[in-house]
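Chains as they are written, first to last, in the working numbering: chain A, 1 to 228; chain B, 1 to 251; chain C, 1 to 660.
Do not rely on the hints blindly, as some may be mistaken.
[As the list claims (entries may be wrong)] Dumping the calculated SDA-like pairs for lysine to any residue here, alpha-carbon to alpha-carbon at most 20 Å:
(1) B:Lys151 to C:Met143
(2) B:Lys10 to A:Arg82
(3) B:Lys3 to C:Met143
(4) B:Lys248 to A:Arg82
(5) B:Lys151 to C:Val212
(6) B:Lys246 to A:Ser6
(7) B:Lys174 to A:Ala96
(8) B:Lys246 to A:Gly184
(9) C:Lys215 to B:Asn15
(10) B:Lys201 to B:Lys151
(11) C:Lys278 to B:Arg94
(12) A:Lys47 to A:Ala142
(13) B:Lys246 to A:Leu3
(14) C:Lys278 to B:Asp120
(15) A:Lys188 to B:Asp153
(16) C:Lys567 to B:Ala226
(17) B:Lys204 to A:Ser6
(18) B:Lys53 to C:Met143
(19) C:Lys215 to B:Asp120
(20) C:Lys567 to B:Gly122
(21) A:Lys97 to B:Ala226
(22) C:Lys215 to B:Glu54
(23) B:Lys53 to C:Lys567
(24) B:Lys174 to A:Lys47
(25) B:Lys204 to C:Ala182
(26) B:Lys174 to A:Ala142
(27) B:Lys53 to C:Phe562
(28) B:Lys13 to C:Leu570
(29) B:Lys13 to C:Met143
It should be emphasised that the hints constitute simulated quantities derived from the structure, not laboratory data.
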Amino acid sequence: MWLCNSSIGRKVVMSVTGIALILFLTFHMSMNVVALISGDAYNMICKFLGANWYALVATLGLAALTVAHIVYAFLLTMQNRRARGNERYAVTVKPAKVEWASQNMLVLGIIVVLGILLHLFNFWYNMMFAEVAHISVPHDPADGFAYIKDTFACPVYVVLYIVWLVAIWFHLSHGFWSAMHTLGWNGKIWFNRWRTIGLVYTSLLMLGFLVVVLAFAFGVAPSLCCAA
Amino acid sequence: MAKNISFTLKYWKQNGPREKGHFDTREMKNIPDDTSFLEMLDILNEELINEGKEPFVFDHDCREGICGMCSLYINGHPHGPATGATTCQLYMRRFNDGDVITVEPWRSAAYPVIKDCMVDRGAFDKIIQAGGYTTIRTGQAQDANAILIPKEDADEAMDCATCIGCGACVAACKNGSAMLFVSSKVSQLALLPQGRPEAAKRAKAMIMKMEELGFGNCTNTRACEAECPKNESISNIARLNREFIKAKLAD
Amino acid sequence: MAKTLNSRIPEGPVAEKWTNYKAHQRLVNPKNKLKLDVIVVGTGLAGASAAASLGEMGFNVYNFCIQDSPRRAHSIAAQGGINAAKNYQNDGDSVYRLFYDTVKGGDYRAREANVYRLAEVSNDIIDQCVAQGVPFAREYGGMLANRSFGGAQVSRTFYAKGQTGQQLLLGAYSSLSAQVNAGKVKLYTRYEMEDVVIVDGRARGIIAKNLVTGKLERFSANAVVIATGGYGNAYFLSTNAMGCNCTAAVQCYRKGAYFANPSYVQIHPTCIPVHGDKQSKLTLMSESLRNDGRIWVPKKLEDAKKLQAGEIKGSDIPEEDRDYYLERRYPAFGNLVPRDVASRAAKERCDKGYGVNNTGLAVFLDFSESIERLGIDVVLQRYGNLFDMYEEITDVNPGELANEINGVKYYNPMMIFPAIHYTMGGIWVDYELQTTITGLFAIGECNFSDHGANRLGASALMQGLADGYFVLPYTIQNYLADQDVWPRLSTDLPEFEEAEKAVEAEMNRLMNIKGKRSVDSIHKELGHIMWEHVGMGRTKEGLEEGLKMLKELRKEFDTNLFVPGTKEGLNVELDKAIHLRDFIIMGELVAYDALHREESCGGHFREEHQTEEGEAKRDDANFFYVGCWEYQGSDDKAPELIKEPLEYEAIKVQTRNYKN
Chain A
1 MWLCNSSIGR
11 KVVMSVTGIA
21 LILFLTFHMS
31 MNVVALISGD
41 AYNMICKFLG
51 ANWYALVATL
61 GLAALTVAHI
71 VYAFLLTMQN
81 RRARGNERYA
91 VTVKPAKVEW
101 ASQNMLVLGI
111 IVVLGILLHL
121 FNFWYNMMFA
131 EVAHISVPHD
141 PADGFAYIKD
151 TFACPVYVVL
161 YIVWLVAIWF
171 HLSHGFWSAM
181 HTLGWNGKIW
191 FNRWRTIGLV
201 YTSLLMLGFL
211 VVVLAFAFGV
221 APSLCCAA
Chain B
1 MAKNISFTLK
11 YWKQNGPREK
21 GHFDTREMKN
31 IPDDTSFLEM
41 LDILNEELIN
51 EGKEPFVFDH
61 DCREGICGMC
71 SLYINGHPHG
81 PATGATTCQL
91 YMRRFNDGDV
101 ITVEPWRSAA
111 YPVIKDCMVD
121 RGAFDKIIQA
131 GGYTTIRTGQ
141 AQDANAILIP
151 KEDADEAMDC
161 ATCIGCGACV
171 AACKNGSAML
181 FVSSKVSQLA
191 LLPQGRPEAA
201 KRAKAMIMKM
211 EELGFGNCTN
221 TRACEAECPK
231 NESISNIARL
241 NREFIKAKLA
251 D
Chain C
1 MAKTLNSRIP
11 EGPVAEKWTN
21 YKAHQRLVNP
31 KNKLKLDVIV
41 VGTGLAGASA
51 AASLGEMGFN
61 VYNFCIQDSP
71 RRAHSIAAQG
81 GINAAKNYQN
91 DGDSVYRLFY
101 DTVKGGDYRA
111 REANVYRLAE
121 VSNDIIDQCV
131 AQGVPFAREY
141 GGMLANRSFG
151 GAQVSRTFYA
161 KGQTGQQLLL
171 GAYSSLSAQV
181 NAGKVKLYTR
191 YEMEDVVIVD
201 GRARGIIAKN
211 LVTGKLERFS
221 ANAVVIATGG
231 YGNAYFLSTN
241 AMGCNCTAAV
251 QCYRKGAYFA
261 NPSYVQIHPT
271 CIPVHGDKQS
281 KLTLMSESLR
291 NDGRIWVPKK
301 LEDAKKLQAG
311 EIKGSDIPEE
321 DRDYYLERRY
331 PAFGNLVPRD
341 VASRAAKERC
351 DKGYGVNNTG
361 LAVFLDFSES
371 IERLGIDVVL
381 QRYGNLFDMY
391 EEITDVNPGE
401 LANEINGVKY
411 YNPMMIFPAI
421 HYTMGGIWVD
431 YELQTTITGL
441 FAIGECNFSD
451 HGANRLGASA
461 LMQGLADGYF
471 VLPYTIQNYL
481 ADQDVWPRLS
491 TDLPEFEEAE
501 KAVEAEMNRL
511 MNIKGKRSVD
521 SIHKELGHIM
531 WEHVGMGRTK
541 EGLEEGLKML
551 KELRKEFDTN
561 LFVPGTKEGL
571 NVELDKAIHL
581 RDFIIMGELV
591 AYDALHREES
601 CGGHFREEHQ
611 TEEGEAKRDD
621 ANFFYVGCWE
631 YQGSDDKAPE
641 LIKEPLEYEA
651 IKVQTRNYKN
């Protein structure tokens, strides 16, 4: 199967899973923004996405995408390190054209994964896993709003989340156009278009997440005053 | 008018693919700055030979930037700090008095060192042999003007065909990937009607050969494009991806 | 002088010879082809195209090159283009006209039948290359574009930017690669041919050195083809690549192949001038620059003096004080006169003191007029890469506006000077491209056949590919047709043993001289002798002096050479020493031939033989022949001259005239 045994095939898998994850992030960001406006509305979504069969299936699908993306990343990186050989250059200079992110995608990816683990511990564990495993947790699993308030009341978490978002931004700033490039939808003209689209899109996406984190950290989310 | 410069030269010595290599250092004195980099190495070798030592070995041939034989990694750049130029087109006026100049071989698993900075790039030949051609029997071609090719297509194919097969892309790539080289040949032939009949077969065969030979994957860092002495564009790589994916989907 | 040469030119009118030949020659049937092995040495245009075509026909081909890949052969450096008699421009071109121009350009010293065949197959070459995917320049309608070139009044040159040689070579290389993939060609890279092995009077193999391991290896075959290029590097500074050498050719000469017309050496008019004594090679600026560039020196000697002192720049000299000497002397062809004429005219001006750089050995090539006429964009589109190359080397940008005098814009002119570029002389071959050694063939620059005393621009690529694709693969069959009765030879035969031992002994000899001088230092000295005494303007005294110096230099080489390291493993210096040994012999051969040829023709200019206007004066009564040299068994003995008389039936021999 060419998706497993050819380099371009493997990268197609990286690209497709990457794009799917970007779409998921888009959905996730839209959902988060709701929490800025209304806690009740947000909790409605949380209930809808709680331990229901479709949500569980979607979660498993999402996990599969993530795992595929990570496993392939390691496969490709291993192959690349082998190809590079054992001797390293004594002097290296990064050409101006080369984005820093592009050469550090794996490191960024690892930071992103650590962030995900933290995020799963903060939210998913309480909101879905606990319900499935019948573990008792501080709030009602469907009360996502309460978990947001709890988490971002802690400044350490806020900082960690910001670091995480920045890492995702860097990862996507390269990953977005790179995915299009790998899928062959690129050329001399489209190169700049995709890069711009990618940067704008990624920035909007991350801003959306960041606003929620900061709004709750500083207690200025409109939904907080309404709820109170 | 030329001025003279003096500098420290560190150059890589290695006896064979499996031997351990090291840097030798030498103070180079009063080198005219209108000397080419390779002529400076000629001066080094003349000095070494006069001292009864073996010369520093490196590949070079045409010395006008077209054969693709020269291959030195100078101060962190394949073909040195100049852009759009090969090592042999590099002149000493690019350097300053008192510089330390470090010369290394192309480092990549697919390019074993033969001696010092001479490496074996035979893998490129093997990739071309896998499919970098149109199958045409000598003397049986139709009249050259029978195939009309828009000027834009011909010009772009020419840009792709400008690749000199020096391997700077592989040397520059942190993944040791040969995608820029492969994609330039695939693109040249994919852009021309003569190359279309075998386009799918070619893309598949060349990619598979590239991997078999131990080159890495492209992660779109663009280092190859930045260092290519002939300014090959990574849009060729996108085209190669497209050709390959299309070919595989059609299977 | 009892020895005669049979050039085996077929019967019939010149236009029908090749057709007749092909119709009646012997062929090898497909099954027998599988039993026949051919060695092709060299992978340039001629070698790669021959190996590819022979492989495709079914022969087993062994192909050798000294570089790490066939694609590096020096054909790759040809810039300008390739001629063909397509008449795509509707400007009245024809096979006959290309044939005529080539013979005339060669100063009536080429063999008519060969040149006609060359012109005839030229069209097939273009078709072949286009089918391979060579991206020749095209017009907006999609048809192929052409440019004009020195020595012709029609536009018949096909080109791919300034990299035509590269594109044609990559085309041939791709066909070769296809045959390697098919298993019909076995490729040996970083191998150098050291000797040809002769069994029962026929070339039946070679001894080659694996340049990486240093080991000698034996290869046997039914025929040997050498396509190893020219001997320009005998002059040390030339436009040839550093690796170009004549060892294979000289070794064939030592084994009995005649060497023809060695004195015909082409000096290319548009090279970047020499800048210092550390220089390793000269860089060619494509002749195509002469299409739009105008060559000049100052009219006033005092301006030239100031230029030489660095007080003024070329762009400071206004139009009226410039001497466009080619346009002045040759109004009909102007800047597009053949290379030998242009080179000598530059030398003449510089000898008179009008040289424009610090050494006084350079003339200007100026684009001011064409930039004004066509716009900088068009000029850059045509020559941009050459301008870049020039700037990288000299730090001067020829596309940069430098001065304005009385409303006339002056751009930085380039500086150019002639340099050794191509050698028309080479191994003597008959019409079938076979040398005087049976079974040994020579193609491309390494034979002597098609260019006479001077080669026109864009004709070298044509000849290399003509020989490799369309001529040799046919003519070699006429020889191979009855060779399949011979069994494959074992390389254990005493002939192979002996040849290998001799090469081994030579290598030991060179390693054991253990003198004081590096190969390069002796090579530079050789270059000086050749340029000063056997260069552009030759005299009897100069040549005799040169010959004497060459003999002394050979003695110096034999007694004072130092080669570091051992002969085991890779030893670049040893390989260079072997090349140099043969460059010196080659130098002597050039001098012998130049000395004997008491006339001026094409690339050979004897100062005693010129008209009052300084044009070359041929002597058709006494020198209308190919001068072939036979080795006399030792490097110390003078070679013996054997003449192949030229017979012209289609063309009337006249004085070359590029004035009107």
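Okay, the hints, checked on the actual structure:
no.	hint	result
1	B:Lys151 to C:Met143	8 Å, holds
2	B:Lys10 to A:Arg82	27 Å, violated
3	B:Lys3 to C:Met143	50 Å, violated
4	B:Lys248 to A:Arg82	26 Å, violated
5	B:Lys151 to C:Val212	44 Å, violated
6	B:Lys246 to A:Ser6	14 Å, holds
7	B:Lys174 to A:Ala96	15 Å, holds
8	B:Lys246 to A:Gly184	9 Å, holds
9	C:Lys215 to B:Asn15	17 Å, holds
10	B:Lys201 to B:Lys151	26 Å, violated
11	C:Lys278 to B:Arg94	17 Å, holds
12	A:Lys47 to A:Ala142	5 Å, holds
13	B:Lys246 to A:Leu3	13 Å, holds
14	C:Lys278 to B:Asp120	29 Å, violated
15	A:Lys188 to B:Asp153	14 Å, holds
16	C:Lys567 to B:Ala226	41 Å, violated
17	B:Lys204 to A:Ser6	9 Å, holds
18	B:Lys53 to C:Met143	58 Å, violated
19	C:Lys215 to B:Asp120	18 Å, holds
20	C:Lys567 to B:Gly122	24 Å, violated
21	A:Lys97 to B:Ala226	6 Å, holds
22	C:Lys215 to B:Glu54	19 Å, holds
23	B:Lys53 to C:Lys567	14 Å, holds
24	B:Lys174 to A:Lys47	47 Å, violated
25	B:Lys204 to C:Ala182	17 Å, holds
26	B:Lys174 to A:Ala142	47 Å, violated
27	B:Lys53 to C:Phe562	11 Å, holds
28	B:Lys13 to C:Leu570	14 Å, holds
29	B:Lys13 to C:Met143	52 Å, violated
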